[in-house]
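Just so you know, the protein sequences line up as chains A and B, in that order. When you line the first sequence up against my numbering, it's residues 87 to 205, in that order. When you line the second sequence up against my numbering, it's residues 58 to 173, in that order.
To be clear, the hints were calculated from the coordinates, so they are not data collected in a lab. Among the hints, erroneous ones may be present.
[What the hints assert, rightly or not] Derived contacts from chain B toward chain A, CB cut-off under 8 Å, selection only:
1) MET102
2) PHE125
3) ARG152
4) ASN157
5) GLY159
Positions of the beta carbon are idealized from the N, C-alpha and C atoms, including for glycine.
Single-letter residue listing:
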Amino acid sequence: SQTIHQWPATLVQPVGSPLSLECTVEGTSNPNLYWYRQAAGRGLQLLFYSVGIGQISSEVPQNLSASRPQDRQFILSSKKLLLSDSGFYLCAWSVPPGVLSSSGANVLTFGAGSRLTVL
Amino acid sequence: AQTVTQSQPEMSVQEAETVTLSCTYDTSESDYYLFWYKQPPSRQMILVIRQEAYKQQNATENRFSVNFQKAAKSFSLKISDSQLGDAAMYFCAYRSAGSNTGKLIFGQGTTLQVKP
């Protein structure tokens, strides 16, 4: 079965410090990967998605970047955090569209999330 | 661009009663998928139910069912026999069938309170 791991679960960082959130998926290959951010009490905003190694698409201009160094690894980074970067970050994966899967076609499966507080 | 709107920021229901959460969406596409996700206090996003736009039959998963009105672009979630564990934030989401990215567009969410 497929599983998704995301860490760290909680992070408190000072303004101007770097950031690295990591996400890995097990039990599947060539997944589509996503980073979403959820501000307090709000909906989910797609930040980045990746359809393959080294292929990153950004949805919104921001202080963050993403990388996919391996097939099942997705990293969210920042060189210098801003106060506005605080939030709840969720990694997710899906089977690429058109591929049959026991996990269910067209479904996003989420990690447990990382709560980032920038002070 | 597609948008998803949940007009009810908060809802409440008595335990064992039925509640309906509303969702509307805007799209020019004819083929797409719709989802309801649940986010309990743990903040883990859990898939509740999904609907393929080409299917006229409304999806059902145990106590959860949807009312999919394609012409009206409406996708409401009905929770029957509400339980305390149903208390959570619920998100409606849209995915284009023609996209190779598989990304979901989410509504702003509805917080459901279940009263004992």
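Run the structure past the numbered hints and jot down the numbers of the failing ones, going up. Violated hint (a single one): 2; every other hint is consistent with the structure.
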